[in-house]
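K.L.:
Input sequences plus hints: build the corresponding full structure.
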Amino acid sequence: MFAPLTWFLVALALLAMVYAVVLAARDKRIDWTVLGAVGVVEVGLIAQLVIGIVQYAGTDRDVSGPFFIGYLIGSLIILPIGAFWALAESSRWGAGALAIACLVIPILELRLHDLWAV
Amino acid sequence: MTDPAATKHGPGRILIAVYGVFALAATARAGVQIATKFGDAPIAYLLSAVAAVIYCAATFALAKATVVSRKVATAAIAIELAGVIAIGAFSYAVPDDFPDATVWSHFGQGYGFVPLVLPVLGLLWLRRTR
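Those protein sequences? They're chains Z and C, same order as listed. Be aware that the first sequence starts at 1, since it is given in full-length UniProt numbering, and climbs by one per residue. Be aware that the second sequence starts at 1, since it is given in full-length UniProt numbering, and climbs by one per residue.
Bear in mind the hints are in silico, worked out from the structure with no lab data behind them. These numbers come from a predicted model, not from an experiment. There could be a bad hint or two in this list.
Stated by the list, open to error - Sample of chain C residues facing chain Z (criterion: CB under 8 Å; computed from the structure): (1) R13; (2) V21; (3) V32.
Said to hold, decoys possible - So the derived label-pair ranges between C-beta atoms look like this: (4) Z:T33 <-> C:A93: 49 to 55 Å; (5) Z:V40 <-> C:V94: 43 to 49 Å; (6) Z:L49 <-> C:I34: 22 to 28 Å; (7) C:V114 <-> Z:A88: 22 to 28 Å; (8) Z:D60 <-> C:V120: 45 to 51 Å; (9) Z:S91 <-> C:G110: 28 to 34 Å; (10) Z:L14 <-> C:A93: 37 to 43 Å; (11) C:T66 <-> Z:K28: 27 to 33 Å; (12) Z:A88 <-> C:R127: 23 to 29 Å; (13) C:L124 <-> Z:T33: 29 to 35 Å; (14) C:A86 <-> Z:P80: 33 to 39 Å; (15) Z:P80 <-> C:G110: 22 to 28 Å.
The beta carbon of each residue, even a glycine, is placed where N, CA and C say it ideally should be.
P.N.:
Structure below.
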């Protein structure tokens, strides 16, 4: 795993989550700032998938392939669905829903990090 | 009778988001477990699959938010609550039958006990939007 990208994604997703929570607390809908951050995270996740597959193919570590690749692929669908779900809600609760989606990314990235580290 | 669509709006938006995460996580987990090492712990993996189906049903039923789907959601979430309590208790009583964790083992400890809290919130939310 390319650790700097992992930590970057963890940090940016958490920042986006905090921002979404602030929006919800201030009774605001999601805005382009949080959607932009989520978009950057998504691009990073795609890069992570490519890097992960290349590294998995070339490693002799005892990494659980189905789980490792599963987490890499699964992480890609969270934010688009979360953003869609948030955009379709015309209240503060949409921002709250996007915050949940953002929170999932650090959890998945830490699981990936653990799977690779064994 | 209030609008059944109320189920998917407001705080329901967050509830459904969390349900969606669990539907995805449980489905992926059960799929990988059954596909790669079913023989290791068939009971636990079948229960993982049952949990996955229930989470998916609850997510879609809550999100659809019609009069009928609310009934489906209520049933799914009631089964979910019974499941997490029963599996939680069994996993402490007969740990040998659960060599590998399911979503509901130890009352959802591996998922920060969210699986235990979620059905309670779900039923309260359905009641509130009735």
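K.L.:
If a hint holds in the structure, say so; if it does not, say that too.
P.N.:
A quick look at each hint next to the structure:
no.	hint	verdict
1	R13	holds (4 Å)
2	V21	holds (6 Å)
3	V32	holds (5 Å)
4	Z:T33 <-> C:A93: 49 to 55 Å	holds (50 Å)
5	Z:V40 <-> C:V94: 43 to 49 Å	holds (48 Å)
6	Z:L49 <-> C:I34: 22 to 28 Å	holds (23 Å)
7	C:V114 <-> Z:A88: 22 to 28 Å	holds (24 Å)
8	Z:D60 <-> C:V120: 45 to 51 Å	holds (47 Å)
9	Z:S91 <-> C:G110: 28 to 34 Å	holds (33 Å)
10	Z:L14 <-> C:A93: 37 to 43 Å	holds (38 Å)
11	C:T66 <-> Z:K28: 27 to 33 Å	holds (29 Å)
12	Z:A88 <-> C:R127: 23 to 29 Å	holds (24 Å)
13	C:L124 <-> Z:T33: 29 to 35 Å	holds (33 Å)
14	C:A86 <-> Z:P80: 33 to 39 Å	holds (35 Å)
15	Z:P80 <-> C:G110: 22 to 28 Å	holds (26 Å)
Consistency with the previously given hints is maintained throughout, with no hint failing.
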